[in-house]
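Using the sequences and the hints, build the whole thing.
Residue numbers (the working numbering), protein chains in the order written: chain A, 70 to 347; chain B, 70 to 347; chain C, 70 to 347; chain D, 70 to 347.
Heads up, a few of these hints could be off.
Same chains, same label: a pair holds when it works inside one copy or across any pair of copies.
List of simulated lysine to any residue pairs, SDA-like, C-alpha gap at most 20 Å [stated by the list, open to error]:
(1) K330 with G174
(2) K196 with H171
(3) K196 with G174
(4) K88 with A132
(5) K88 with S102
(6) K330 with S316
(7) K83 with S104
(8) K270 with S309
(9) K196 with E172
(10) K113 with S305
(11) K127 with D78
(12) K159 with R315
(13) K251 with N152
(14) K343 with I302
(15) K109 with Q271
(16) K343 with S309
(17) K83 with A123
(18) K83 with Y94
(19) K144 with V124
(20) K83 with D97
(21) K330 with D312
(22) K330 with H303
(23) K151 with L181
(24) K109 with R311
Hints were generated in silico from the structure; no laboratory data involved.
Protein chains: 4
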Amino acid sequence: MNHYRVLIDANDEKGLVHKVSSIFYKYDLNILSNSEFVDKESNKFFMRSVVEGAVNKKELIDAIESVLPEKSSVKVIEPKKKNIIIMATKELHALGDILIRHEAGELEANILAVVSNYDKLESLVTKFGIPYVSVSHDGLTREAHEQEIIDCIHSYEDIDYIVLAKYMRILTPTFVETFKDKIINIHHSFLPAFIGANPYKQAYERGVKIIGATAHFVNNNLDEGPIIAQEVIHVSHVDSWRDMQRSGRDVEKVVLSRALKLALEDRIFVYENKTVIF
Amino acid sequence: MNHYRVLIDANDEKGLVHKVSSIFYKYDLNILSNSEFVDKESNKFFMRSVVEGAVNKKELIDAIESVLPEKSSVKVIEPKKKNIIIMATKELHALGDILIRHEAGELEANILAVVSNYDKLESLVTKFGIPYVSVSHDGLTREAHEQEIIDCIHSYEDIDYIVLAKYMRILTPTFVETFKDKIINIHHSFLPAFIGANPYKQAYERGVKIIGATAHFVNNNLDEGPIIAQEVIHVSHVDSWRDMQRSGRDVEKVVLSRALKLALEDRIFVYENKTVIF
Amino acid sequence: MNHYRVLIDANDEKGLVHKVSSIFYKYDLNILSNSEFVDKESNKFFMRSVVEGAVNKKELIDAIESVLPEKSSVKVIEPKKKNIIIMATKELHALGDILIRHEAGELEANILAVVSNYDKLESLVTKFGIPYVSVSHDGLTREAHEQEIIDCIHSYEDIDYIVLAKYMRILTPTFVETFKDKIINIHHSFLPAFIGANPYKQAYERGVKIIGATAHFVNNNLDEGPIIAQEVIHVSHVDSWRDMQRSGRDVEKVVLSRALKLALEDRIFVYENKTVIF
Amino acid sequence: MNHYRVLIDANDEKGLVHKVSSIFYKYDLNILSNSEFVDKESNKFFMRSVVEGAVNKKELIDAIESVLPEKSSVKVIEPKKKNIIIMATKELHALGDILIRHEAGELEANILAVVSNYDKLESLVTKFGIPYVSVSHDGLTREAHEQEIIDCIHSYEDIDYIVLAKYMRILTPTFVETFKDKIINIHHSFLPAFIGANPYKQAYERGVKIIGATAHFVNNNLDEGPIIAQEVIHVSHVDSWRDMQRSGRDVEKVVLSRALKLALEDRIFVYENKTVIF
Numbered sequence: 070m071n072h073y074r075v076l077i078d079a080n081d082e083k084g085l086v087h088k089v090s091s092i093f094y095k096y097d098l099n100i101l102s103n104s105e106f107v108d109k110e111s112n113k114f115f116m117r118s119v120v121e122g123a124v125n126k127k128e129l130i131d132a133i134e135s136v137l138p139e140k141s142s143v144k145v146i147e148p149k150k151k152n153i154i155i156m157a158t159k160e161l162h163a164l165g166d167i168l169i170r171h172e173a174g175e176l177e178a179n180i181l182a183v184v185s186n187y188d189k190l191e192s193l194v195t196k197f198g199i200p201y202v203s204v205s206h207d208g209l210t211r212e213a214h215e216q217e218i219i220d221c222i223h224s225y226e227d228i229d230y231i232v233l234a235k236y237m238r239i240l241t242p243t244f245v246e247t248f249k250d251k252i253i254n255i256h257h258s259f260l261p262a263f264i265g266a267n268p269y270k271q272a273y274e275r276g277v278k279i280i281g282a283t284a285h286f287v288n289n290n291l292d293e294g295p296i297i298a299q300e301v302i303h304v305s306h307v308d309s310w311r312d313m314q315r316s317g318r319d320v321e322k323v324v325l326s327r328a329l330k331l332a333l334e335d336r337i338f339v340y341e342n343k344t345v346i347f
Numbered sequence: 070m071n072h073y074r075v076l077i078d079a080n081d082e083k084g085l086v087h088k089v090s091s092i093f094y095k096y097d098l099n100i101l102s103n104s105e106f107v108d109k110e111s112n113k114f115f116m117r118s119v120v121e122g123a124v125n126k127k128e129l130i131d132a133i134e135s136v137l138p139e140k141s142s143v144k145v146i147e148p149k150k151k152n153i154i155i156m157a158t159k160e161l162h163a164l165g166d167i168l169i170r171h172e173a174g175e176l177e178a179n180i181l182a183v184v185s186n187y188d189k190l191e192s193l194v195t196k197f198g199i200p201y202v203s204v205s206h207d208g209l210t211r212e213a214h215e216q217e218i219i220d221c222i223h224s225y226e227d228i229d230y231i232v233l234a235k236y237m238r239i240l241t242p243t244f245v246e247t248f249k250d251k252i253i254n255i256h257h258s259f260l261p262a263f264i265g266a267n268p269y270k271q272a273y274e275r276g277v278k279i280i281g282a283t284a285h286f287v288n289n290n291l292d293e294g295p296i297i298a299q300e301v302i303h304v305s306h307v308d309s310w311r312d313m314q315r316s317g318r319d320v321e322k323v324v325l326s327r328a329l330k331l332a333l334e335d336r337i338f339v340y341e342n343k344t345v346i347f
Numbered sequence: 070m071n072h073y074r075v076l077i078d079a080n081d082e083k084g085l086v087h088k089v090s091s092i093f094y095k096y097d098l099n100i101l102s103n104s105e106f107v108d109k110e111s112n113k114f115f116m117r118s119v120v121e122g123a124v125n126k127k128e129l130i131d132a133i134e135s136v137l138p139e140k141s142s143v144k145v146i147e148p149k150k151k152n153i154i155i156m157a158t159k160e161l162h163a164l165g166d167i168l169i170r171h172e173a174g175e176l177e178a179n180i181l182a183v184v185s186n187y188d189k190l191e192s193l194v195t196k197f198g199i200p201y202v203s204v205s206h207d208g209l210t211r212e213a214h215e216q217e218i219i220d221c222i223h224s225y226e227d228i229d230y231i232v233l234a235k236y237m238r239i240l241t242p243t244f245v246e247t248f249k250d251k252i253i254n255i256h257h258s259f260l261p262a263f264i265g266a267n268p269y270k271q272a273y274e275r276g277v278k279i280i281g282a283t284a285h286f287v288n289n290n291l292d293e294g295p296i297i298a299q300e301v302i303h304v305s306h307v308d309s310w311r312d313m314q315r316s317g318r319d320v321e322k323v324v325l326s327r328a329l330k331l332a333l334e335d336r337i338f339v340y341e342n343k344t345v346i347f
Numbered sequence: 070m071n072h073y074r075v076l077i078d079a080n081d082e083k084g085l086v087h088k089v090s091s092i093f094y095k096y097d098l099n100i101l102s103n104s105e106f107v108d109k110e111s112n113k114f115f116m117r118s119v120v121e122g123a124v125n126k127k128e129l130i131d132a133i134e135s136v137l138p139e140k141s142s143v144k145v146i147e148p149k150k151k152n153i154i155i156m157a158t159k160e161l162h163a164l165g166d167i168l169i170r171h172e173a174g175e176l177e178a179n180i181l182a183v184v185s186n187y188d189k190l191e192s193l194v195t196k197f198g199i200p201y202v203s204v205s206h207d208g209l210t211r212e213a214h215e216q217e218i219i220d221c222i223h224s225y226e227d228i229d230y231i232v233l234a235k236y237m238r239i240l241t242p243t244f245v246e247t248f249k250d251k252i253i254n255i256h257h258s259f260l261p262a263f264i265g266a267n268p269y270k271q272a273y274e275r276g277v278k279i280i281g282a283t284a285h286f287v288n289n290n291l292d293e294g295p296i297i298a299q300e301v302i303h304v305s306h307v308d309s310w311r312d313m314q315r316s317g318r319d320v321e322k323v324v325l326s327r328a329l330k331l332a333l334e335d336r337i338f339v340y341e342n343k344t345v346i347f
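Here it is, written out as structure tokens:
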């Protein structure tokens with residue numbers, strides 16, 4: 070008996086749950102959990118089921134597609150470890166949290182490598198037996214530096230996600246396009262407040278009473294990709310912007326790890342720059 | 070076109086979603102929202118669907134029951150205002166919050182009356198044109214006092230819920246039995262911590278850093294009925310127990326109103342002293 | 070024995086706590102609570118003490134000023150009810166929460182009147198025996214309408230605060246200047262995200278996972294005055310922007326009431342468009 | 070110029086702030102931050118000041134003591150790394166979080182060793198160059214096992230704190246007495262709810278909607294020592310007790326690290342089984 074994650078994204082019409090569950094019934098699949106959502110405004114139907122049984126994946130996909138409207142998307146995924154590359158710069162809190170969770174067996178992931186523009190984190194990463202690739206940007210144009218990183222990532226096969234664990238360089242559209250829908254970033258503010266550089270300083274200067282962090286997929290508009298997870302903490306006048314930065318790190322690592330977990334468990338649908346999360 | 074809330078509670082077996090959704094499809098009912106949950110340990114299946122269409126309720130119930138295992142429960146409810154009685158003693162925050170929400174049209178409820186063992190809240194309640202019944206316990210045994218209240222409540226018809234908005238008298242098993250599964254209470258602690266009298270004082274003395282409130286159905290074991298909603302706030306050493314009581318009130322009113330809203334929208338299933346909330 | 074709130078705002082220099090507490094000691098005042106804060110960047114010192122004793126206020130102020138650097142500000146306030154005017158439009162949740170707290174005796178305030186550009190809330194407000202002044206903007210220029218409201222407010226004496234409990238008209242600089250540092254607003258977003266109109270719709274379209282509300286003093290830059298309090302709640306893809314608006318109301322009322330309470334208890338210092346809150 | 074943390078614990082009487090700040094002034098010490106608290110019920114005064122200057126510590130202590138009532142406690146501490154021993158069993162999340170923070174330089178601590186009753190965590194700990202001492206309880210009485218651990222800890226000098234990062238054995242009064250006021254534990258529930266074994270299972274069975282974790286000093290009454298920090302998360306009917314355990318781990322590690330940081334920064338006073346935290 071296997072488990073399968075069935076992900077459906079279709080235009081809504083009457084009877085979809087009935088039709089899909091009929092297929093599950095026909096193939097003798099037991100539903101372990103099931104979530105549906107209809108966005109009335111855009112008339113889109115989303116469904117994620119975890120089913121148990123024994124079935125040919127291709128056959129199941131075809132059977133489900135046959136009962137759905139045109140232009141639907143159906144995925145059937147057998148849970149297994151996904152391949153991820155982590156990119157970081159100098160800060161170790163978000164990276165460290167992922168490494169520890171990986172070590173604890175909490176993540177359905179193989180960390181193929183950590184890529185950084187500095188060598189500061191090498192000693193931490195190699196402790197865990199994970200390859201560390203330092204690609205310095207010294208003396209390189211942004212494009213040349215990125216190309217080196219792209220080449221490095223391409224030297225690994227079947228990358229599922231690239232996790233930016235406080236990678237502090239702006240990515241070009243070329244990079245984003247190359248790894249479309251695969252890049253997860255942690256932004257150190259409660260987006261869309263404080264887009265851009267040094268959000269903690271901005272937050273301090275504005276005198277806010279709450280700061281936060283946002284994990285999102287990266288698209289070509291900086292800090293504007295689909296949001297996966299957000300979390301906040303209270304601050305007060307006693308906090309300097311460096312204090313906010315310090316306590317913000319705890320939020321950043323929690324939010325990034327939460328978003329990564331959702332991605333690894335195939336719980337995220339993206340549409341219209343938004344996410345549906347089951 | 071009408072809306073119907075369909076609530077199903079059954080022993081789990083393969084194909085239930087398929088079977089129920091087939092009935093919806095057959096009766097030309099459009100699913101507006103749908104939630105299912107299977108408790109693996111007790112092998113129980115719960116489903117709440119909101120469907121749109123035109124159907125004979127009795128016929129729909131029969132059709133659904135015909136595809137479910139024995140001993141299942143099926144309810145089909147057309148959304149309409151439920152009848153509630155509020156019981157209170159002297160504090161007005163929780164009661165006041167319900168009155169304001171009622172006035173704002175937020176609650177699917179008719180407040181038939183507010184019953185109290187004091188007359189302190191009469192001036193507030195009657196402002197809103199709601200009957201206020203003061204049943205003093207002076208000189209009465211607990212049983213005699215409760216019987217007066219039971220008689221008072223029975224003078225109203227079709228009571229759906231009795232809301233204890235800080236009613237500070239212990240109810241006897243007779244009362245609880247009389248209004249079985251209909252009594253919602255707010256307890257001023259994060260249950261099961263600080264069961265019993267003066268939980269804020271207990272919390273203060275224990276030196277906790279968080280206090281809370283719990284809305285629950287009332288059964289015969291005091292403070293041990295099925296929990297509907299809980300919320301907490303942080304406190305610190307500067308808070309005396311009276312400070313905790315003051316800030317606790319804000320949590321109490323939020324939690325009670327949230328629980329009442331869930332009940333009025335038929336979102337709560339109760340089993341094994343726990344709740345499933347969709 | 071009286072209580073006095075002593076509020077000091079001064080340029081920082083060594084020994085201020087010592088000097089001020091010497092004065093308290095000299096005048097035989099017992100310190101009940103005491104908070105200080107130094108903003109290193111701007112070299113500003115803030116102190117709020119609650120002291121107990123019997124003293125001539127003017128004499129105490131002079132004594133404290135004599136030990137402080139030039140250009141310091143010293144206030145000595147005897148706790149008493151402050152006079153407030155509430156302005157609202159059509160929504161009753163934030164207004165209602167204040168009315169209930171007022172009724173419960175939670176607020177150190179006299180509500181002199183509720184002023185609105187509609188008559189929708191009249192029936193609620195007059196239930197509580199509070200004057201309701203409806204100043205319709207129909208057929209009036211913004212300036213003429215505001216002048217009517219200013220005249221109305223000026224018909225009351227000694228106004229301490231004007232509370233905008235979801236007053237949905239933009240105020241002109243004239244109005245803001247007339248009641249400088251006295252206007253508290255609730256903005257229905259987690260500022261500075263979603264400045265301007267319909268923030269819930271903006272939040273929905275951006276696909277955020279958290280929404281919030283911000284209470285702030287009003288200055289001439291719309292939605293940019295000093296922030297007093299903020300709070301947030303989690304939302305998800307299932308929430309339409311109307312759902313966000315509905316659940317946002319609970320946050321709005323909590324935040325506005327919290328800010329008002331801080332103001333009434335003289336706990337807020339404003340400087341450089343930020344607040345220090347003790 | 071040095072920094073000093075001055076911690077005062079005294080019976081309250083009029084003028085204490087004045088008297089202490091006079092001493093600071095006399096010794097030309099600049100107050101960087103200052104917190105006081107008076108517990109009216111027990112008439113206790115607590116003060117924590119961070120001051121800057123150059124002073125003989127012994128002399129400063131004597132000077133402050135000379136102006137305080139009898140039986141006062143005064144500590145003057147120069148910030149430096151404290152020595153800690155971590156005890157763990159098999160789970161690595163709480164331990165891992167401390168190791169990463171230590172690696173990031175966030176903690177004012179030297180981790181002298183990790184002591185465990187299993188060898189499961191050895192590979193993680195030694196990655197960080199920290200000694201790992203495995204003291205198996207196999208074939209030993211509780212007393213004999215503990216004595217081995219006590220001997221092990223005593224082989225290190227100047228231990229400031231012993232951190233129980235999910236050490237799953239009950240400690241005897243002998244152990245607690247040996248390291249009085251030095252043992253910080255993380256309990257995996259929102260104490261005082263669910264004292265004792267398997268709190269997540271207890272929480273699941275009670276059907277709570279919120280679970281939490283509590284960091285506390287250990288005294289002889291199991292799970293009843295003074296609470297330092299607590300945090301909670303929301304759960305629902307979909308969470309099995311193993312799910313609660315999994316998500317509870319994130320709370321546990323946050324709370325324990327927060328408590329440890331407070332201890333390392335000398336921010337905690339203990340009295341009457343409660344804590345004052347500045």
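A quick look at each hint next to the structure:
In this assembly of identical chains, K330 and G174 lie within 20 Å of each other by CA distance solely inside one copy; the values are 12 Å within and 27 Å between copies. Proximity of K196 to H171 under the C-alpha cut-off of 20 Å is found in both arrangements, the shortest distances being 13 Å within a copy and 15 Å between copies. Taking the closest pair of Cα atoms, K196 and G174 come within 20 Å of each other both inside a single copy (16 Å) and across two copies (17 Å). In this assembly of identical chains, K88 and A132 lie within 20 Å of each other by CA distance both inside one copy and across copies; the values are 10 Å within and 18 Å between.
For a Cα distance limit of 20 Å, the shortest separation of K88 from S102 qualifies both inside one copy, at 17 Å, and across copies, at 16 Å. Only between protomers do K330 and S316 lie at most 20 Å apart by alpha-carbon distance; the minimum there is 12 Å, versus 22 Å within a single protomer. For the identical chains of this complex, K83 and S104 are neighbours both inside a copy (17 Å) and across copies (17 Å), given an alpha-carbon limit of 20 Å. In this assembly of identical chains, the alpha carbons of K270 and S309 lie at most 20 Å apart only when taken from the same copy (9 Å versus 33 Å across copies).
Taking the closest pair of Cα atoms, K196 and E172 come within 20 Å of each other both inside a single copy (11 Å) and across two copies (12 Å). For the identical chains of this complex, K113 and S305 are inter-copy neighbours only, at 16 Å across copies versus 42 Å inside a copy, given an alpha-carbon limit of 20 Å. Within a single copy, K127 and D78 get their C-alpha atoms as close as 17 Å, which meets the 20 Å cut-off; across copies the closest is 34 Å, which misses it. In this assembly of identical chains, the alpha carbons of K159 and R315 lie at most 20 Å apart only when taken from the same copy (14 Å versus 29 Å across copies).
With identical chains, the CA atoms of K251 and N152 are at most 20 Å apart within one copy only, with a shortest distance of 11 Å there and 44 Å across copies. Proximity of K343 and I302 under a CA criterion of 20 Å is satisfied inter-copy only: 18 Å between copies versus 23 Å inside one chain copy. When the C-alpha separation of K109 and Q271 is checked against a cutoff of 20 Å, the pair qualifies only between copies, where the shortest distance is 17 Å, while the shortest distance within a copy is 37 Å. Proximity of K343 to S309 under the C-alpha cut-off of 20 Å is restricted to the inter-copy arrangement: shortest distance 13 Å between copies versus 33 Å within a copy.
Proximity of K83 to A123 under the C-alpha cut-off of 20 Å is restricted to the inter-copy arrangement: shortest distance 15 Å between copies versus 28 Å within a copy. In the homo-oligomer, the alpha carbons of K83 and Y94 lie at most 20 Å apart both inside one protomer (19 Å) and across protomers (8 Å), since each shortest distance falls under that limit. Within a single copy, K144 and V124 get their C-alpha atoms as close as 14 Å, which meets the 20 Å cut-off; across copies the closest is 35 Å, which misses it. In this assembly of identical chains, the alpha carbons of K83 and D97 lie at most 20 Å apart only when taken from different copies (8 Å versus 24 Å within one copy).
In this homomeric assembly, K330 and D312 come within 20 Å of each other (Cα to Cα) only across copies, at 14 Å, whereas the closest approach inside a single copy is 28 Å. Taking CA atoms no more than 20 Å apart as the test, K330 paired with H303 passes between copies only; the shortest distance there is 18 Å, against 25 Å inside one copy. In the homo-oligomer, the alpha carbons of K151 and L181 lie at most 20 Å apart inside one protomer (10 Å), although the nearest pairing across protomers, at 37 Å, exceeds that limit. For the identical chains of this complex, K109 and R311 are inter-copy neighbours only, at 13 Å across copies versus 44 Å inside a copy, given an alpha-carbon limit of 20 Å.
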